[in-house]
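A.B. asks: Listed here are the chains, written in short residue letters.
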Amino acid sequence: MIEVSGLSKRYGDFTAVRDLSFTVGPGEVLGLVGPNGAGKTTSLRCLAGIIPATAGTCRIAGHDITADPVAAKRALAFFPDEPRLFDYLTVRQHLAFVARIYGVGDHEALAEPLLVELEIADKADQLPGELSRGMKQKLAIACGLLHSPQVMFFDEPLTGLDPLGIRRMKDSILKRAHAGAAIVLSSHLLHLLEEVCSHVLILKKGEKIADGTLADVSARFSKGEANVSLEEIFLRATGDSET
Amino acid sequence: MIGALLYLRLTSLKNLVLSRVRRLRQPKYLVGALVGAVYFYFVVFQRAVHAGRLPAAGTRHPAVLPADLLPTLVTLGALVLLVIATLSWILPDGRAGLTFTEAEIAFLFPAPVRRRTLIYYKLVNSQFAILFTAALITLLTGSWSFLGGSALYHLLGWWLILATLNLHFMGASFVITRLMDNGITPWRRRLIILGLIVLVAGVMLAWLGRDLRAPTAPGTDLATFQSTSAYLRALAGRVNAVLASGPLPWLLLPAKLVLGPFFAPNGPAFLSALGPALLVFAAHLLWVVRFEVSFEDASIAKSEKRAARVAAVREGNWRAARGALKARPGPFRLASTGRPELAFLWKNLLSTFPVFRPRTLAIGAVLIIAGYRWVARDPDYRDFLPAFTVVAFITAGYTLFLGPQLARQDLRSDLGNSDILKTYPLHGWQVVLGEMLTPIAILSGVLWLALLTLLLAFHPQSLTWLTAPVRFTLAAGLVPVLPLVCALQLLVPNAAALLFPAWVQTMRNRSERGIEVVGQRIIFLAGQLLVVALALLPAALGAGLLIFATQWLIGPVAAIAFASVAVLVILAAEVGCGLWWLGQRFEAFDLSAELRP
Ligand SMILES: Nc1ncnc2c1ncn2[C@@H]1O[C@H](COP(=O)(O)OP(=O)(O)O)[C@@H](O)[C@H]1O
Ligand SMILES: [Mg+2]
Numbered sequence: 016m017i018e019v020s021g022l023s024k025r026y027g028d029f030t031a032v033r034d035l036s037f038t039v040g041p042g043e044v045l046g047l048v049g050p051n052g053a054g055k056t057t058s059l060r061c062l063a064g065i066i067p068a069t070a071g072t073c074r075i076a077g078h079d080i081t082a083d084p085v086a087a088k089r090a091l092a093f094f095p096d097e098p099r100l101f102d103y104l105t106v107r108q109h110l111a112f113v114a115r116i117y118g119v120g121d122h123e124a125l126a127e128p129l130l131v132e133l134e135i136a137d138k139a140d141q142l143p144g145e146l147s148r149g150m151k152q153k154l155a156i157a158c159g160l161l162h163s164p165q166v167m168f169f170d171e172p173l174t175g176l177d178p179l180g181i182r183r184m185k186d187s188i189l190k191r192a193h194a195g196a197a198i199v200l201s202s203h204l205l206h207l208l209e210e211v212c213s214h215v216l217i218l219k220k221g222e223k224i225a226d227g228t229l230a231d232v233s234a235r236f237s238k239g240e241a242n243v244s245l246e247e248i249f250l251r252a253t254g255d256s257e258t
Numbered sequence: 003m004i005g006a007l008l009y010l011r012l013t014s015l016k017n018l019v020l021s022r023v024r025r026l027r028q029p030k031y032l033v034g035a036l037v038g039a040v041y042f043y044f045v046v047f048q049r050a051v052h053a054g055r056l057p058a059a060g061t062r063h064p065a066v067l068p069a070d071l072l073p074t075l076v077t078l079g080a081l082v083l084l085v086i087a088t089l090s091w092i093l094p095d096g097r098a099g100l101t102f103t104e105a106e107i108a109f110l111f112p113a114p115v116r117r118r119t120l121i122y123y124k125l126v127n128s129q130f131a132i133l134f135t136a137a138l139i140t141l142l143t144g145s146w147s148f149l150g151g152s153a154l155y156h157l158l159g160w161w162l163i164l165a166t167l168n169l170h171f172m173g174a175s176f177v178i179t180r181l182m183d184n185g186i187t188p189w190r191r192r193l194i195i196l197g198l199i200v201l202v203a204g205v206m207l208a209w210l211g212r213d214l215r216a217p218t219a220p221g222t223d224l225a226t227f228q229s230t231s232a233y234l235r236a237l238a239g240r241v242n243a244v245l246a247s248g249p250l251p252w253l254l255l256p257a258k259l260v261l262g263p264f265f266a267p268n269g270p271a272f273l274s275a276l277g278p279a280l281l282v283f284a285a286h287l288l289w290v291v292r293f294e295v296s297f298e299d300a301s302i303a304k305s306e307k308r309a310a311r312v313a314a315v316r317e318g319n320w321r322a323a324r325g326a327l328k329a330r331p332g333p334f335r336l337a338s339t340g341r342p343e344l345a346f347l348w349k350n351l352l353s354t355f356p357v358f359r360p361r362t363l364a365i366g367a368v369l370i371i372a373g374y375r376w377v378a379r380d381p382d383y384r385d386f387l388p389a390f391t392v393v394a395f396i397t398a399g400y401t402l403f404l405g406p407q408l409a410r411q412d413l414r415s416d417l418g419n420s421d422i423l424k425t426y427p428l429h430g431w432q433v434v435l436g437e438m439l440t441p442i443a444i445l446s447g448v449l450w451l452a453l454l455t456l457l458l459a460f461h462p463q464s465l466t467w468l469t470a471p472v473r474f475t476l477a478a479g480l481v482p483v484l485p486l487v488c489a490l491q492l493l494v495p496n497a498a499a500l501l502f503p504a505w506v507q508t509m510r511n512r513s514e515r516g517i518e519v520v521g522q523r524i525i526f527l528a529g530q531l532l533v534v535a536l537a538l539l540p541a542a543l544g545a546g547l548l549i550f551a552t553q554w555l556i557g558p559v560a561a562i563a564f565a566s567v568a569v570l571v572i573l574a575a576e577v578g579c580g581l582w583w584l585g586q587r588f589e590a591f592d593l594s595a596e597l598r599p
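Each protein sequence line maps, in turn, to chains A and B.
Counting from 16, one number per residue, gives the positions in the first sequence under this note's numbering.
Counting from 3, one number per residue, gives the positions in the second sequence under this note's numbering.
Simulated from the structure, these hints should not be mistaken for lab results.
Mixed in with the good hints, there may be bad ones.
Unchecked claim - Across the chosen pairs, the derived CB separations fall in these ranges: (1) B/Ala-6 with A/Gly-254: 50 to 60 Å; (2) B/Ser-296 with A/Glu-222: 46 to 56 Å; (3) B/Ala-329 with A/Lys-190: 25 to 35 Å; (4) A/Thr-174 with B/Phe-109: 43 to 53 Å; (5) B/Ser-296 with A/Leu-179: 33 to 43 Å; (6) A/Pro-67 with B/Ile-396: 44 to 54 Å; (7) B/Leu-8 with A/Thr-228: 37 to 47 Å; (8) B/Ile-396 with A/Thr-174: 35 to 45 Å; (9) A/His-193 with B/Pro-188: 40 to 50 Å; (10) B/Arg-116 with A/Thr-174: 35 to 45 Å; (11) A/Lys-190 with B/Gly-185: 53 to 63 Å; (12) B/Ser-296 with A/Ser-213: 31 to 41 Å; (13) B/Lys-328 with A/Ala-230: 46 to 56 Å.
Stated by the list, open to error - In the BS3-like style, the derived pairs of lysine-lysine whose C-alpha atoms are separated by at most 30 Å in a straight line are: (14) A/Lys-151 with A/Lys-190; (15) A/Lys-185 with A/Lys-223; (16) A/Lys-238 with A/Lys-223; (17) B/Lys-124 with B/Lys-16; (18) A/Lys-238 with B/Lys-16; (19) A/Lys-185 with A/Lys-220; (20) B/Lys-124 with B/Lys-304; (21) A/Lys-138 with A/Lys-151; (22) A/Lys-223 with A/Lys-190; (23) A/Lys-138 with B/Lys-304; (24) B/Lys-307 with B/Lys-16; (25) A/Lys-138 with B/Lys-307; (26) A/Lys-151 with A/Lys-185; (27) B/Lys-124 with A/Lys-138; (28) B/Lys-124 with A/Lys-151; (29) B/Lys-328 with B/Lys-124; (30) B/Lys-16 with A/Lys-151.
As the list claims (entries may be wrong) - Listed below are several chain A residues computed to face chain B (Cβ distance under 8 Å; list not exhaustive): (31) Ile-66; (32) Asp-121; (33) Ala-139; (34) Asp-140; (35) Ile-181.
The beta carbon of each residue, even a glycine, is placed where N, CA and C say it ideally should be.
With the sequences and hints as input, model every part of the structure.
C.D. replies: Take a look at the structure:
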């Protein structure tokens, strides 16, 4: 579903992401973890076709994001860390707009259950300015899910949510994965991801230092000790370079 | 403590200046700054210098204010100040809130700082802005040489006036807060103040009535005066008489004292006026500093509101900036399938005033036709028809040339969302076209209405070739051409937004105005006009040649129709190229890179 090979992104002399390769299959959830500034957002923006990569390729559902961006983008959804909404469209109008962009026929039939699932159905006629942060994030997610994407990128989806919000968000993500979507999500908090991710990829200063299933990565960094917490693994893997 | 606060202020100022100067290392800002500097030189300094030099040139005598008119002017100025000060007691309806930034609130409010220190900080802080404003006003009013005095006196004079007013506003808001704490609602306060005003006015009228009954100078009929200066003098005399009666002089006295230094014609006069003015200033200062009320809550609320507004303005969202954001029904029914570009038209129309809807166009057309028929039917009114055409021409001209700078419901307001826009399964040119549709539609609507007016009302006798069929063909040809011309014009500011997002961003951010921003605006406007002139040239030449070559054969009407098609094709090709290129730029655009300092 997602096949990345040799992805690099340079800003001038500064290399934000270096030679990143991985694949994510249907139903898999990859956690992209690393300290602040590790290059998680940059990688996701390259994968979603928002910024061109300096080198490397990325295929989304079989379409190369550089060679055939429109087809690739039809299959993906990207959720930035800050929900990006249009201030003067109501919740319902957002969905109508997005439906037209993706050409989702009969979007009302799809939108209603989405709004109910995300618990914003009662806010359908409100503007983003009247919504709480969590609600805004849900609206952004509803917009992204409307065209039933097979590939989803979440940038820091759990940051800034309350415990219940985190629970709900995890459930939503898992539900899409069970339905066969390939998902990448980033976080700088490894322990938040353990229930959601099937795989993790640890980034540090733009370079991959470990990837594999959760169990693999734990085994590699626990050095035989039992019951090493993910947090400990994260710290060991990334060194004490948290800045 | 105040030392630390001053350090904060000065360091911020230093860093602001430094970051501005550093920005000039980027050529785009440097060019902007240079053009802005040249503009300022010609518009402001040149005028100020010019005005100062005139007497030496001796070509024209500067109108110097006769000395005996000065008191009247001072009194009138004082009256204005008094009115402003009174308004500061009537208008506010909330608690006193000093404008702090959110960062200042976060650092200063919890800090072990006394409230009074915060006030001092705020006061010192505002002096920077006041001094800057004073300097600007002094420059802009440099040609008021008739007042005498030097630029320095004017600068200091303005500063005193503005600073004292500032203190007065603050003091008034403190008193109002204290009154509210004591249970006096804003409306009761307003009633009381209005009552006081009525009382003062009544006393004055009574006084006036008594004074006027007394024998006054002859010559009440102002028309009989020989010269303007005699006229002015007599007028001043009467104004003085009115303002000098009753309690008013006492009310005006503080304001007059504050104005003294500004109106001082020479050094000694300035110095002697400075003392009393400073006394009034000091009294205000004492008032504000002594009169402690809690302003923290209101300040916090105010700064939050301001931050939200600034954020909205940065995103170019004026509707949100005005705080009048309300959910509205869509401008038209948006089907869920069809060309995706139209979704942008639908969305961006929602971001602007609800008058810009398809039905407005229909209503406008009906009104114009009805108005025309009504005017044209009556021979008495026929003479108004030229006025119709003049209005239509002016509207069309402004819409064509300034409209693209005013109607900005396109990429310029949506760049903040570019990350999301770029994940849509659309080509770059589709996004750019979709975003531009709204201003194109709005401007074309206005232009079409103007065109309709001209079609109906513009048939001057002198242009014999402009027969009815020719007019109709011309208008019909222009209907599809006008949106393309608008599109061409709009390509320029949208390209600017993509190529220099930080420019467009700074232009929106009112607190970050600078000389480079003025320069940038001029460059953009000039660029827009230049591009359009260049783009229209081939179309106009082609059309001219075609009409010239073919009208002998096929007659003017067919020739015009033929030429319109040619123009349409040329312009469409140009717009297409522009859109394609801009689409490429959009695909390569990286917001995160552009908005870094
Ligand atoms: N547009 C840009 N220009 C230059 N450097 C950038 C740009 N965007 C991000 N960076 C740098 O790239 C690095 C990775 O950033 P980012 O991907 O946002 O990290 P993360 O999301 O992991 O916290 C950071 O050091 C950041 O400063
Ligand atoms: Mg990030």
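A.B. asks: Determine for every hint whether it applies to the structure shown.
C.D. replies: Going through the hints against the structure:
1. Between B/Ala-6 and A/Gly-254 the Cβ separation comes to about 37 Å, which falls outside the hinted range of 50 to 60 Å.
2. For B/Ser-296 paired with A/Glu-222, a C-beta distance near 54 Å keeps the hint of 46 to 56 Å intact.
3. About 30 Å separates the C-beta atoms of B/Ala-329 and A/Lys-190, a value consistent with the hinted range of 25 to 35 Å.
4. Judged by the Cβ atoms, the range 43 to 53 Å given for A/Thr-174 and B/Phe-109 is violated: they are separated by roughly 24 Å.
5. Checked against the hint of 33 to 43 Å, the pair B/Ser-296 and A/Leu-179 passes, with Cβ atoms roughly 36 Å apart.
6. Checked against the hint of 44 to 54 Å, the pair A/Pro-67 and B/Ile-396 passes, with Cβ atoms roughly 47 Å apart.
7. Distance hint for B/Leu-8 and A/Thr-228: a CB-CB separation of about 59 Å, inconsistent with the stated range 37 to 47 Å.
8. Distance hint check for B/Ile-396 and A/Thr-174: the Cβ-Cβ separation is about 54 Å, which falls outside the suggested range of 35 to 45 Å.
9. Roughly 59 Å separates the CB atoms of A/His-193 and B/Pro-188, a value that falls outside the hinted 40 to 50 Å.
10. Taken as a hint, the range 35 to 45 Å holds for the pair B/Arg-116 and A/Thr-174, whose Cβ atoms sit roughly 38 Å apart.
11. Between A/Lys-190 and B/Gly-185 the Cβ separation comes to about 57 Å, which falls inside the hinted range of 53 to 63 Å.
12. The hinted window of 31 to 41 Å between B/Ser-296 and A/Ser-213 is violated, with their beta carbons roughly 56 Å apart.
13. For the hinted restraint 46 to 56 Å between B/Lys-328 and A/Ala-230, the CB-CB distance of approximately 53 Å keeps it satisfied.
14. For the suggested pair A/Lys-151 and A/Lys-190, the alpha carbons sit about 20 Å apart, so the restraint of at most 30 Å is met.
15. Distance hint between A/Lys-185 and A/Lys-223 is fulfilled; the C-alpha atoms sit about 25 Å from each other, no more than 30 Å.
16. A distance of roughly 19 Å separates the Cα atoms of A/Lys-238 and A/Lys-223; the hinted pair therefore holds under the 30 Å criterion.
17. Between B/Lys-124 and B/Lys-16, the direct Cα distance comes to roughly 18 Å. Compliance with the 30 Å bound is thereby established for this hinted pair.
18. The hinted pair formed by A/Lys-238 and B/Lys-16 fails the criterion: a straight-line CA distance of about 53 Å is larger than 30 Å.
19. Using a Cα cut-off of 30 Å, the hinted pair A/Lys-185 and A/Lys-220 holds, with the two alpha carbons roughly 27 Å apart.
20. Proximity of B/Lys-124 to B/Lys-304 is assessed by CA-CA distance (about 15 Å); at most 30 Å being required, the pair is judged to hold.
21. Annotation: proposed proximity of A/Lys-138 to A/Lys-151 holds, straight-line Cα distance about 11 Å (limit 30 Å).
22. The hinted pair formed by A/Lys-223 and A/Lys-190 meets the criterion: a straight-line CA distance of about 28 Å does not exceed 30 Å.
23. The suggested pairing of A/Lys-138 with B/Lys-304 holds, with an alpha-carbon distance near 27 Å, which does not exceed 30 Å.
24. This hinted pair checks out: B/Lys-307 and B/Lys-16 have alpha carbons roughly 27 Å apart, not beyond 30 Å.
25. A threshold of 30 Å between alpha carbons decides the hint, and for A/Lys-138 with B/Lys-307 the separation of about 23 Å falls inside it, so the pair holds.
26. Among the hinted pairs, A/Lys-151 with A/Lys-185 is consistent with the structure: their alpha-carbon atoms are about 17 Å apart, no more than 30 Å.
27. Between the alpha carbons of B/Lys-124 and A/Lys-138 the distance comes to roughly 41 Å, so the proposed pair goes past 30 Å and is violated.
28. At most 30 Å may separate the alpha-carbon atoms for a hinted pair to count; B/Lys-124 and A/Lys-151 exceed this at roughly 36 Å.
29. Distance check on the hinted pair: B/Lys-328 and B/Lys-124 sit about 35 Å apart at the alpha-carbon level, beyond 30 Å; violated.
30. As the CA atoms of B/Lys-16 and A/Lys-151 are separated by approximately 38 Å, the hinted pair breaks the 30 Å bound.
31. Hint status for A/Ile-66 relative to chain B: holds, with the closest Cβ pair at about 5 Å, below 8 Å.
32. The criterion of a C-beta within 8 Å of any C-beta in chain B is met by A/Asp-121, whose closest approach is roughly 7 Å, and the hint holds.
33. A distance limit of 8 Å between C-beta atoms decides the matter here; for A/Ala-139 the minimum to chain B is near 10 Å, and the interface restraint is violated.
34. Satisfaction of the interface hint for A/Asp-140 is found here, the shortest Cβ-Cβ separation to chain B being roughly 6 Å, below the 8 Å cut-off.
35. The closest approach between the C-beta of A/Ile-181 and any C-beta of chain B is roughly 23 Å, which is over the 8 Å cut-off, so the hint fails.
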